[in-house]
Amino acid sequence: MKQPQSETLALRPTALANLDPRTKLVLTLMYTLAVVSVPFDEPLLLFPLAVPFALAVGAGDVPWGYLVRRLLLGVPFVILIVLFPLLFQRDPVTVRLAGLEVHLSQGAVRSMVVSGKFVLAFGAVIVLTATTGFAKICDAMARLKLPSVFVAAVAMVWRYLFVLLDEVQRMRRARAGRSCARMSLRLAWTSSAAIVGSLFLRALSRSERVHGAMLARGFTGEMPTPLPLRMKGIDWAVIVAGHVYLGGCLSLMWS
Amino acid sequence: MHMGNEVLSPSVALGFSVASVSALAVCAKQAQRKLEGRQLPLMGMMGALVFAAQMVNFQILGGSSGHLGGGALLAIVLGPEVAVFVMSAVLFIQAVVFNDGGLLALGTNIFNMGILPAFLGYGCFRLFVGREAFEAQSAGRVYLGCFVAGLLGVTAGAAMVPIQVGLSGLLQDGVSLSWFLATMTWVHLIIGAVEGVVTFLVVAYLYHARADLLPGGPKLTGRVSVSAVLASLGVAALVAGCVISMLASGLPDGLEYVLGVEAADNAETGEGTDRSAGGRLIVREPAESSLMARTSAFQERIAVLPDYTHPATGDAEEEQPERLFQWDSFQAISGVTGSALTLLLAFAIGRLLSRRAKAAAEATG
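Protein chains in written order, with our numbering: chain A, 177 to 431; chain B, 503 to 867.
Quick caveat, the hints were computed from the structure, so don't treat them as lab data.
Check each hint, because a few of them may be wrong.
Stated by the list, open to error - Across the chosen pairs, the derived CB separations fall in these ranges:
(1) Asp-237/A - Arg-712/B: 45 to 55 Å
(2) Ile-665/B - Arg-406/A: 27 to 37 Å
(3) Arg-712/B - Gly-394/A: 41 to 51 Å
(4) Arg-628/B - Arg-406/A: 47 to 57 Å
(5) Leu-361/A - Val-737/B: 32 to 42 Å
(6) Val-737/B - Ala-191/A: 32 to 42 Å
From the three backbone atoms N, C-alpha and C, an ideal C-beta is built for every residue, glycine too.
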């Protein structure tokens, strides 16, 4: 099975891709925190937060079609949260915007804020992966002194994810070929369980082989970080500018 | 049931992150000791396995299908510490690469879908299958252990979601905590029942293939009667029906009462200050505009459960006496009937869809 599109997108030499992954990871986290902190009755506060997002999409040259497709994947998680206030919260409010007065229900305002938060917070992670690549994100986490066992486990899952997905596809195809897709409910369940079970056993013996191979190559218990990462001047500039801007947005919320 | 960023307040998200991270730190140490040197590739493989196992569908009714979550299975076979660790690595990848759940909500999701299913599930399994004398265990006991482990692990995690949203103060006025809680529990009782049965089937397979893997190697025939499976699914559906009947009792429970008081306080302070002066853009307007009145009248007419349109009928709720459960037999019966009807409907839709699919497949040859 091929890797997600974000991995190929991340290989392009865009302005964002050239930044240090640590810079991007830290800023994405801070940005998510700022977006989540926006009060539900202040829709206009989302606009200053949308500016860095648009800048990042531009600098990372993330294709719009890709961005929208990935966002749509997340819609089932928020659809109810968007719909509920729209249906249930009907206190009337007036939104004043540059001399204009618009009558809306409080629920409509909240739905807008929730949708905006969803687009910005999810979009930030999408931009992060589409300009960085997962291996570099793991590298950044390791260098940010996150527990090395966790980082190594995550990197390992990622490394063997597509191998096992291939394996399960082959097993499913084999079953479909032998059963002509007609099975009793009982056989369908027990054979599915057998697929999962033998996948488990294969994964177990594969992990033993891998471990042996790692030991043979001098594995000491610490995962090596092969990429030489260096924070350049531009990284520091982006980090400082980003924090100042996000801090400004947060102080606007809390004033 | 991956939670997004938007349904949590920063403080609740950070609180659960701290809880999850400290639990993870303990689990990491335990897992490292348990697995000695080989832990890294093993955990990687197990995480990849969780992803891959979700590709295998278990057909439920006609066209609909479920899949294995994996938390209970990993906890039973490898121990809860390893399971928590593997599940949190999986959840991290899901959040970052596959956009399942928010980055800030990661700690909460690890708590709901990693820590709770693993430890609660493992505890339930141990309750039915004792620590010693495995050779004497019957298949029925192991089946019950696996079933309850999957069922309770998934359901408890799902039940945490409304509580966390409520703690964040983000429950909308019209949505009561008990309603949200009942809905989440009801849906996830069914999902958890499937998880339980699948967990057992996989454990039974593993016992046949490599009994040495299972701690103590419980004696299993690998065959549990179909009627036992059906009976346990039926009981789960019945319980789900009772939960749905709680949906009809619109009384606030303890937590919601607390939240309600807090919300009222906030509303008062909000009302007191002129928010337009501070550069804020929204003012509460006491008089309803005609457009507003018309839409709210329309919404009242189309509302399925008018009891829950709290803003319009806010007084009614306060007049009722404070009781934790208002749950009579009529509601229970209607709930059970409701869930039976839902199952029938799901079955009918599934049949229809699969027949369509079959016809389409035959037409294309």
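Which numbered hints turn out to be false for this structure? 2, 3, 5, 6
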